[in-house]
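**Student:** Protein chains in written order, with our numbering: chain A, 1 to 281; chain B, 1 to 318.
There could be a bad hint or two in this list.
Cut-off 25 Å, straight-line C-alpha distance, at most; resulting in silico cross-link-like pairs (DSS-like, lysine-lysine) [as the list claims (entries may be wrong)]: (1) 312/B / 241/B; (2) 10/B / 48/B; (3) 136/A / 48/B; (4) 2/B / 182/B; (5) 136/A / 25/B; (6) 136/A / 26/B; (7) 187/B / 2/B; (8) 182/B / 241/B; (9) 312/B / 215/B; (10) 48/B / 169/A; (11) 234/A / 200/A; (12) 9/B / 182/B.
Derived list of chain B stretches under chain A, where covered just means 3 residues or more per stretch with a C-beta under 8 Å from a C-beta of chain A [what the hints assert, rightly or not]: (13) 45-56; (14) 96-110.
For each label pair, taking beta carbons as the anchor points, the in silico distance ranges come out as [claimed, not checked]: (15) 138/A / 267/B: 50 to 56 Å; (16) 203/A / 285/B: 42 to 48 Å; (17) 184/B / 98/A: 31 to 37 Å; (18) 221/A / 184/B: 43 to 49 Å; (19) 96/A / 236/B: 35 to 41 Å; (20) 232/A / 137/B: 39 to 45 Å; (21) 187/B / 110/A: 40 to 46 Å; (22) 121/B / 256/A: 46 to 52 Å; (23) 271/B / 184/A: 51 to 57 Å.
No lab work stands behind these hints, which were simulated from the structure alone.
Backbone N, C-alpha and C define an ideal beta-carbon position, used for all residues, glycine too.
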Amino acid sequence: MKHTIKELEDIASQIRRDIVRMVHGCQSGHPGASLGCTDFFTALYFEVLNHKTDFTMEGRGEDLFFLSNGHISPVWYSTLAHAGYFDKSELATFRKLDSRLQGHPTTHEHLPGIRIASGSLGQGLSVAIGAALAKKLNGDKGYIFALLGDGELQEGQNWEAAMFAPFNKVDHLIASVDYNGQQIDGPTSKVLALDDLQAKFEAFGWHVINTDGNDMQAIVEGLHYAKTLTGKGKPILNLMSTQMGAGVDYMMGTHKWHGTAPNDEQLAAALAQLPETLGDY
Amino acid sequence: MKKYTYTEKKDTRSGFGAGLHEAGKKNENVVALCADLVGSLKMDAFIKDFPERFTQVGIAEANMIGIAAGMTIGGKIPFTGTFANFSTGRVYDQIRQSVAYSNKNVKICASHAGLTLGEDGATHQILEDIGLMKMLPGMVVINPCDYNQTKAATIAIAEYEGPVYLRFGRPVIPVFTDPDQKFEIGKAWMVNEGTDVTIIATGHMVWKAIEAGEKLAELGIDAEIINIHTIKPLDDEAILKSVKKTGCVVTCEEHNKFGGLGESVARLLTTELPTPQEFVATNDTFGESGTPDQLMSKYGLDAVNIVEAVQKVISRKK
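This is chain A alone, in the form it adopts within the complex:
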């Protein structure tokens, strides 16, 4: 372990502060799933991912990460800043004119850490598979990580990709699903039920593991365990249960904070629950 679980939890607390402040600062963005995935991002970037902050597009010899559900950009931007990709003061520019921190992640403004645009849903798994194939062709070591939203699994392209990866033995790929059960119009069970995702991915030929995405110890162990499953002919799917809005009590257990910004009073209530550990931007 590079960090203790307590240290990782402290980093996550700061990232959660950043998320609500960023979304409040521009009065737009997606706090709910950003907060839900904060523990995953912290575990990934500060414990699991082999990566360099002097960013290159190819990332030779490194692990690569792809975010398919690009609307949770606040958590990614804050994570990248605290990991050292760019100065955290830039977080204040989120969603504002002339910013590299676009509403959804993009390579267009050359923000270090981003390798593809995402936002229009359902495209990230294919891109991650392509990056995995290229790494293999290059004889380059490294894992490919991807994060998908659960709601975006309603997009058909995911299932094209889900069929492709096991058939082609893309077995250095670890895709996580942010399984929070919520989407814009309500619970996924009401909008278009995902039902038994584990059985679905297993039927497609994936090795599926389950983790608690809001338990730092569990998510760190889960991602390390996922790495031990690679190289055996199957891609790995980490079905990661999370709470939308995790860490801010009034945002939890509802889809209502999917894409809504807190007002001044709500911001204060959120920050009161999230200790400042690394210094606000």
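Go by the hints and put chain B onto chain A.
**Tutor:** Leaving out everything else, chain B in the frame of chain A:
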């Protein structure tokens, strides 16, 4: 009128296949992907020599575009292959976000474009693809005119960094361009110098423009014929230079007049040099089943239609 002859007829998709094989030999980063149409896209030679650099994705074009975009991150130069309809309309948002907006070095190679796909009918005969693709910021759009030019274009786009749409077709047509040509992206080819009218043609319509030029010469009309193989970026200089001389223009393409080469030329001329223009193109319509020749005739894409358009546009000159 300069005399053009040919000794054989070949399909432009075979030019693509030959060019892909050649590009693969030149650069080991060239990789190919196909969505269950290897034979139609003539990818066999590449696959035979570079099996590890070929990915069969099955009938899953959206996934193919995404995988291609991902492969560029590892320095690969992916050539995706399927019919033009499935290369563009079916995967427009994947191209827009994962390729164009992300500025990925993907070559979208599209066969069976236009009416000359023939008997399969309108579901497969895309006449809107040039418009779709040229609207994407940063996308290069190329529609070569014969086997040799398609082969040269395929080799050239492998050496160009950035997203490219390469459009070609199914039928065998005369091979009349130089087999050893150097293809320059964005550079028009002067097919015939003339003084009375500028005929600007792309793709399969270039040979028809040559046929039209011969008929026009018999009628005493001296046509300048320019091949625009690169619709974007457009060779503004070549077009303006010609139109300044001739004072009128006819554009010819196997594509809807809405959104095609003709509109690109009109945009240029309206801004720089307002000029009478006629369009030889399909007119806001889908195609249908039939032989390529029947369809080109029915939808007004023959040499005779070019001749008529030339006569009309000359009559509009002040």
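**Student:** Against this structure, judge whether each hint is valid.
**Tutor:** These are the hints, each one checked on the structure:
In summary, the hint linking residue 312/B to residue 241/B is supported, as the alpha carbons are separated by about 22 Å, within the 25 Å threshold. About 22 Å separates the Cα atoms of residue 10/B and residue 48/B, which keeps this hinted pair within 25 Å; it holds. Our distance criterion of 25 Å between C-alpha atoms is met by residue 136/A and residue 48/B, whose separation comes to about 20 Å. For the given pair, residue 2/B sits about 21 Å from residue 182/B by alpha-carbon distance, which is consistent with the 25 Å threshold.
Under the criterion of a C-alpha separation no larger than 25 Å, the hint pairing residue 136/A with residue 25/B is consistent with the structure, at around 20 Å. With a C-alpha separation of about 21 Å, the suggested pair residue 136/A and residue 26/B falls inside the 25 Å cut-off, and the hint holds. Of the supplied pair hints, the one linking residue 187/B and residue 2/B holds, its CA atoms being roughly 20 Å apart against a limit of 25 Å. For the hint pairing residue 182/B with residue 241/B, the CA-to-CA distance comes to about 22 Å; that is within 25 Å, so the pair holds.
Between residue 312/B and residue 215/B the alpha-carbon distance is near 15 Å, which keeps this suggested pair within the 25 Å criterion. Between residue 48/B and residue 169/A the CA atoms are separated by roughly 21 Å; this keeps the pair inside 25 Å, and the hint holds. At roughly 15 Å between alpha-carbon atoms, residue 234/A and residue 200/A fall within 25 Å of each other, so this suggested pair holds. Under the criterion of a C-alpha separation no larger than 25 Å, the hint pairing residue 9/B with residue 182/B is consistent with the structure, at around 21 Å.
With 3 residues bearing a CB less than 8 Å from a CB of chain A, the region 45-56 of chain B meets the requirement of three and the coverage assertion stands. Using a Cβ-Cβ cut-off of 8 Å, 7 residues of the region 96-110 of chain B lie near chain A, which meets the minimum of three, so the contact claim holds. Between residue 138/A and residue 267/B the beta carbon distance is about 42 Å. The supplied range of 50 to 56 Å is therefore violated. Between residue 203/A and residue 285/B, the C-beta spacing of about 44 Å keeps the proposed range 42 to 48 Å intact.
Take residue 184/B and residue 98/A: their Cβ atoms lie about 36 Å apart, and the range 31 to 37 Å holds. A hinted range of 43 to 49 Å is violated for the C-beta pair residue 221/A and residue 184/B, which are about 57 Å apart. Hint check: residue 96/A to residue 236/B, Cβ distance near 36 Å, so the stated range 35 to 41 Å holds. The hint said 39 to 45 Å for the Cβ distance between residue 232/A and residue 137/B, and at roughly 42 Å that hint holds.
For residue 187/B paired with residue 110/A, a C-beta distance near 30 Å fails the hint of 40 to 46 Å. Hint check: residue 121/B to residue 256/A, Cβ distance near 49 Å, so the stated range 46 to 52 Å holds. In this structure the supplied range 51 to 57 Å is violated for residue 271/B paired with residue 184/A, their Cβ-Cβ distance being about 43 Å.
When held up to the earlier numbered hints, the structure conflicts with 15, 18, 21 and 23 and fits the remainder.
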